[in-house]
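With the hints in hand, could you dock these two chains into one complex?
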Amino acid sequence: MIRVILPGHLRTLAHVSAEVQVHVEGPVTQRSVLDALEMQYPMLRGTIRDHVTQERRPFLRFFACEEDYSLQPPDTLLPEAIASGAEPLLIIGAIAGG
Amino acid sequence: MSGVRVLVGTRKGAFILTSDGKRQKWDISGPHFSGWEIYHLKGSPVDPNRLFASQSSGWFGQIIQRSDDGGKTWTQPGTPPGESATGPGGMPKAESNKFVYDVSSDTGKPLTTHMWYDGTQHPWEFKRVWHIEPSPTDPDTVYAGVEDAALFRSTDGGKNWKELSGLRGHGTGPKWQPGAGGMCLHTVILDPSDPNRIYIAISAAGAFRTDDAGKTWRPINKGLVSPYIPEPTAEVGHCVHHVAMNPSRPGVLFMQKHWDVMRSDNSGDSWTEVSGNLPTDFGFVVDVHAHEPETVYVVPIKSDGEHFPVDGKLRVYRSRTGGNEWEELSKGLPLRDCYVNVLRDAMAIDTLDKCGVYFGTTGGQVYASADSGDNWAPIAEHLPAVLSVEVQTLP
Numbered sequence: 001m002i003r004v005i006l007p008g009h010l011r012t013l014a015h016v017s018a019e020v021q022v023h024v025e026g027p028v029t030q031r032s033v034l035d036a037l038e039m040q041y042p043m044l045r046g047t048i049r050d051h052v053t054q055e056r057r058p059f060l061r062f063f064a065c066e067e068d069y070s071l072q073p074p075d076t077l078l079p080e081a082i083a084s085g086a087e088p089l090l091i092i093g094a095i096a097g098g
Numbered sequence: 001m002s003g004v005r006v007l008v009g010t011r012k013g014a015f016i017l018t019s020d021g022k023r024q025k026w027d028i029s030g031p032h033f034s035g036w037e038i039y040h041l042k043g044s045p046v047d048p049n050r051l052f053a054s055q056s057s058g059w060f061g062q063i064i065q066r067s068d069d070g071g072k073t074w075t076q077p078g079t080p081p082g083e084s085a086t087g088p089g090g091m092p093k094a095e096s097n098k099f100v101y102d103v104s105s106d107t108g109k110p111l112t113t114h115m116w117y118d119g120t121q122h123p124w125e126f127k128r129v130w131h132i133e134p135s136p137t138d139p140d141t142v143y144a145g146v147e148d149a150a151l152f153r154s155t156d157g158g159k160n161w162k163e164l165s166g167l168r169g170h171g172t173g174p175k176w177q178p179g180a181g182g183m184c185l186h187t188v189i190l191d192p193s194d195p196n197r198i199y200i201a202i203s204a205a206g207a208f209r210t211d212d213a214g215k216t217w218r219p220i221n222k223g224l225v226s227p228y229i230p231e232p233t234a235e236v237g238h239c240v241h242h243v244a245m246n247p248s249r250p251g252v253l254f255m256q257k258h259w260d261v262m263r264s265d266n267s268g269d270s271w272t273e274v275s276g277n278l279p280t281d282f283g284f285v286v287d288v289h290a291h292e293p294e295t296v297y298v299v300p301i302k303s304d305g306e307h308f309p310v311d312g313k314l315r316v317y318r319s320r321t322g323g324n325e326w327e328e329l330s331k332g333l334p335l336r337d338c339y340v341n342v343l344r345d346a347m348a349i350d351t352l353d354k355c356g357v358y359f360g361t362t363g364g365q366v367y368a369s370a371d372s373g374d375n376w377a378p379i380a381e382h383l384p385a386v387l388s389v390e391v392q393t394l395p
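Sequence order for the protein chains is A and B. Counting from 1, one number per residue, gives the positions in the first sequence under my numbering. Counting from 1, one number per residue, gives the positions in the second sequence under my numbering.
Derived from the structure by calculation, the hints contain no laboratory data.
Here's a subset of chain B near chain A, in silico, CB distances under 8 Å, partners left out:
id, residue
1, TRP59
2, ILE63
3, GLU95
C-beta: ideal position from N, C-alpha, C; glycine also.
Okay, chain B solo, but in the shape it has when bound (with noise of 0.2 Å):
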């Protein structure tokens, strides 16, 4: 029987939710990498035996974890803890932390700064590694979104990341401003159709995306509209939460953004609202049915200053007609004195037939439903606050 992995980073460390295909009971083991700030976990979908970790500090900076049985055992890529510190020749083994700025000429230095929040211009500085998405087709390469805004890429199972420059050299850079949260890219989907596309997603800058594997990259930001930037519809700027796409149909890309949720059939070349009778259209995550390209799932935040749901009821929001018209999803969910968030990496959908669909909130729990959102339980409760969440459907 076929079974679900669920990885959970949060502000203290990971945990790893499994069960069988029923996903009515749950073994919890962690805390992984306890005390650290676990942005996130995924599983290459080659090998799903082999996990990446985002492990960060504001002491002691980045690490990246990895795990080749499942999440039983991890060590840094390219230094196994015991073994000799170089090779051959002296030099010393991979750095798997080191995520350094290409400043290389043939790349366009220089690459630019960014805006900072008072509008002056500010260096790009390296602070952690918010988003990792392993290969579909090649279990060591791995890319992985960070902050300050840029895409990296290890074709050697995490020991060495080099940034594709492209993206952070294209033009807009100096345009480019932090969110709340900082300058994160939190986004990466890999188009499973065209090994050559890749989209990201930047707070707070916007969508773009590469059509020549991350050589070149170009906004994808025509159709939004925010009202609360200096120019509304401008080409960059704004405040893209999360972006999610079924693989399926590639070329169709659901958005939740700072305010509005927003759909593209054109693989962003233009978006549309649709918000539609959401009871807020702010939030964080939105993510798309396993089987069901026109079913997606949102959880409504009260607003920008309140990052709570509305009248302290939890509740997530499912389209069935790709947007604009949403039904509340609430059997088991807290309905009172809730004021949790649920963060942009912290919903999860498995691809069992009656695919299930999880997310973690900051007040420690991991909601599931086993049966793509009409009933929702807990799997895990009292947790550090969740960051992010992940499922893996195993054979």
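Okay, chain A solo, but in the shape it has when bound (with noise of 0.2 Å):
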């Protein structure tokens, strides 16, 4: 299983606690994770990437073994700690605003 820690909001959106687990099939890349998360948790659509272009909204980050993911293709494959389960993907929001 894929761990993912979401950000308080999302949290509270998709009535769970901060970190949710997913089953990926096949390469465990930042798209098949959100694709994963989306399928399991469709409140979330549109709330990470844009419901049409797909692409990350620019005030959220992925991070994964303290790694920034943000820029990476989103076919990238994530690190194995991340596929294995030993660690979380992240999904942070940024710090700005009020």
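So this is what it looks like as structure tokens:
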């Protein structure tokens, strides 16, 4: 299982605690993890990636094993520690605004 | 005994205030959707327990919430928590927050660009829902006015949204320009006497009307004069802040423009100024008495550069003559050191015999009058900045 840590407001929206687990078939990438996350929690569609372009929303970033994957192509393989569930994928909201 | 439910949208959540018909003691629930911007909430006239809310965030985008029990519980239409994410055939369930501009060939692709602040052309980009307008006849039909300006409609209780793209596609779109708050479609008025007639207003494009249920639209800005735009009497480009109508007289409209309070007696075909003796005719809200269609309310704001009341005195002005002659209403309102604003959707009027008037401020107060504006009292204080106020009169 893949572990994903969500920002606070999205936890409230999805009615979950900080960490959720999703199952991914095949390569573990940013896209496949987010696809699985949105399938399991459809209320998150459009909140992390734009509905139409599927691009990351500007004020969110993706971190894996202390590396910023936000600007990586969405089909880039995530580290083995993410694929094995040893480490979570962090979805983090920008510390900005009010 | 009948009662009222006041729906308050703020910068950091929604609040629901309830009272009996006396409107003296108030219960406050909330914050709902804590931490999110709630631009607007509104109830269905057909089913008062059905409420819709526009929840948005600069981080996470747009969410639509619906309550079917008067605001006690909320879900995103089509995606109740705990249920399967997919419907029959493995298709994803409805995506109630999906607002996608129509670019289909049968509606006039390409549906134009609009004018950016610097005068260049800019593509439409969805940002948020400013106003939700439930149908007066069908609890599953609801309209959404959005930024960048467009009108969407749902016919399944908010599960799916489709643009009424004739509005953007009718030809003047390249001349529409964002106001300071963005290029928002903020006013949606459904004519109760004619289901095919809808009025909308956009800042800063002006007012528009359809007479064929949204297929085609035309600007209704004749008579508006805006000296601060290149062509002061242009067909479009006016910064209309809000429009109000008494349902018993659908052809009569009142408008608070950027500057100027206006009135139309012919469904918007032409407008005349009725600012009269107002201390300033800049402002955002305008509303009409529930039972006296010539009684109108505004909250004058000092100027476009100074968004606060004149002399630090928060006052509502009422005209009982359909404009021009205005009286100051100040009993119970702060009359010194008050520098809040009252935003365009932040006034509402109930339909009790002695109708109640409500408005919210950017300072987080909600004021109410149970006697048509003669006397006022705060019914909530210290809320986040108020973005919108609606009221439901309950049986």
